[in-house]
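S.K.: For this one, chain S is given, so just place chain R on it according to the hints.
Here the protein sequences line up with chains S and R, keeping their order.
To convert, note that position 234 of the first sequence is 323 in our numbering; the numbers rise steadily by one, no gaps.
To convert, note that position 34 of the second sequence is 107 in our numbering; the numbers rise steadily by one, no gaps.
Incorrect hints may appear among the rest.
As the list claims (entries may be wrong) - Partner residues are not named here, just some residues of chain S that face chain R (Cβ under 8 Å, in silico):
#, residue
1, G114
2, V116
3, A159
4, L161
5, D187
6, S195
7, R198
8, W200
9, G218
10, T240
11, Y258
12, Q299
Just so you know, the hints here were simulated from the structure itself, not pulled from any lab data.
Just so you know, these numbers come straight off a predicted model, no measurement behind them.
All C-beta atoms in this analysis are idealised placements derived from N, C-alpha and C, irrespective of residue type, glycine included.
So you can see what is in the structure, the chains are spelled out below.
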Amino acid sequence: MSTMGKASPGTQVGFKAYLWQFQSGVVAVASADSAGHAGFGLGDGSIALRPFDTPDAETTRRLIAHPDSALLCLAASPDGKGFVSGGDDGRLMLTTVDGEGSELASVPRKWIEHVAVADNGGGIAYAAGKRVGLLDGEGRPVAIFEDHPSTVAGLAFNPKGKRLVAAHYGGVSLWWCKADAQPAKRLNWKGSHIAATWSPDGKFVMTATQENELHGWRLADSADMRMSGYPTKPRSLSWSKDGRWLATSGAEVVVVWDCKGKGPMGTAPLELSRGAIVTAVACHPRHGLIASGHADGQIRMGRISDESSIELEKLGAASVTSLAWSRDGRYLIAGGEDGSAGILDFGM
Amino acid sequence: MSQSLSDFDKTPVTVLTGYLGAGKTTLLNRILTENHGKKYAVIINEFGEIGIDNELVVDADEEVFEMNNGCICCTVRGDLIRIIEGLFKRKDRFDAIVVETTGLADPGPVAQTFFVDDDVSRRARLDSIVTVVDARHLPARLKDSREAEEQIAFADVIVLNKTDLVSPAELAEVERRIRSVNKFAQIHHATKCDVALDKVLDRGAFDLNRILDLEPDFLKNNPAHGEAGHVHDEHCGHDHHHDHGHHDHHGHGHNPAHGEAGHVHDEHCGHDHHHDHGDSIHDTTVKSVSLKLDTPVDSRKFDAWIGELLATKGQDILRSKGILDFKGSDKRFVFQAVHMIKDGDFQRDWRSDEDRVSRLVFIGRELDRDALQQGFEGCRA
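Isolated chain S (complex conformation) (with noise of 0.2 Å):
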């Protein structure tokens, strides 16, 4: 299936669309880059690969990551080559586009929620109740740190890949990627936190909150920053490639704050591509795009310069889960929670 996208005054977008349909629900999705291949964990505990370059239902594939569990998470490995998945059976698992797979960490009667790989490919790390495991780029165990109050409910590097941010109840602990024993630097703040991201500059660390708002802390002075007004839980977050903009989900609109000089408490953020809740955001690797996906399956594109958007596809009938772009910002992978997918082809 192909279309074009429609166009809006003053926007023109080209693109092809490949959408279909799996059996279970799309929990996350990711882009393997080396390997040119979109990655979609499933529900069911597998793993489906289409080839970018020919997204037909015929080069589909299925690797079982986590045979009669639930795929709980997912990203791409550090070498672009496949990626690492948790589940609801305990563990951390690499599966290569290949076909390969490798069991990076077990914890027994545990479910593995959380994984995140440094930006520079330099680490993986996992959470597993209250237990955050730190992995070297080739999955060799560097680390565990259990020292949180509560379970981990969100995860992120630095920048750098040199230091981790876990989320949970009443703030968040930072961990420096190395294996010495170490005291974890809190921030805190109260109530439950559920989500994490790390600005590109390193300078903010930003949590979305179980109360729909979204916290910040401005690591220089560890000084709070509060943004409310979410109807919903703001968990989807993703920086834009200058790191001043933070695109964040959980309202009509994709709400972008502007994080340049002090950080964006007290600004007025920019309001996206409107339509029903936002329930995924995802920011162009290269241009000022933000992509957007909605509780209705919508898809839009929001441009940051001029505030305009427009509809891209309608993936399916329920909320949008995940949404990834290819590092060349050439395509934008998409998953729902009625197991509707897809990939968008802008290389037109």
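M.R.: Same frame as chain S, now just chain R:
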């Protein structure tokens, strides 16, 4: 909040509570093994007593979180929010969920999780809270454990187990004690938890349309289930709304003057209250208070009164339920709340052969019957 408490296409969740040794695990294993055609996902606590024979068993950590919204009674189970979301990533594996709590758990946060978190309430609905108690040991438990009392207070269904180990007189006394704490729960006698499972599962105890079918003691005039007039699906199609008491928090400190409609007798109002301990006994602090009005109620006055009452006393009021005769409507208004989270809706028409009487039941601590009655009286139209 956009979701209603009573939406039947959501996955039903049965919460199973009870003190250690009461027989909770026996009942759980019966639920899982009997032939009822349903697949259950079971969420157990880490320190579970014995093995559970089921395909989908999840260990929970019972992480009780205070919501950061300024309300200390608004606690939820953070682990349940995560687990339920995780389970729904593969929803073909189960039709219903059972949550087993530890013997020491306060059921409040479990119940509130289903109403406070939108992602949970979008998919799952609390069906009922089932508490298993040991007929022989309950009196001792009530003496030394606040949790044992709360588990009874929150229950929709109480399985009074091990009745073969007590005399008829002891059994009657235990039952009287349970009733003093909780007037509206259904009590089923059992030995080895041999209660019929349809008395425990799929009760719809939090569904406004079914509340009154389940409470023979609460509404004596109510015809038995199955009799004419007891249809409970007749209004299912219309919009429900429910309300979260926290949004009323600005009402704090705005208690209307003493004597005015809506005044709540609290610790600030400066006169002595008569504490009526008629229903309570020495070693229990939770009791049920039931109130009655035989003339129509003004809906606006009631909303104002109950809103203020739950906003200020919701910490002590564990559960409340009611049926109201609002002036200007021929339909019965049904009301329920868990702590401060309340829900109300018009149900079926009043029938010509029933008394149009408004009734309310509160279960909680520090309940001042006179003050509650006076407040309720102030809602007369």
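S.K.: A separate judgement is required for each hint: does it hold in the structure or not?
M.R.: Results of checking the hints against the structure:
1. G114: holds (6 Å)
2. V116: Holds - the Cβ of S:V116 comes within 8 Å of chain R, reaching about 5 Å at its closest.
3. A159: holds (4 Å)
4. L161: With Cβ-Cβ at 6 Å, under 8 Å, it holds.
5. D187: Hint violated; S:D187 Cβ to chain R Cβ min 26 Å, cut 8 Å.
6. S195: violated (15 Å)
7. R198: holds (5 Å)
8. W200: holds (6 Å)
9. G218: holds (7 Å)
10. T240: holds (6 Å)
11. Y258: holds (6 Å)
12. Q299: At about 7 Å, which falls below the 8 Å cut-off, the nearest Cβ of chain R leaves the hint on S:Q299 intact, so it holds.
Checked against the numbered hints above, the structure violates hints 5, 6; every other hint is satisfied.
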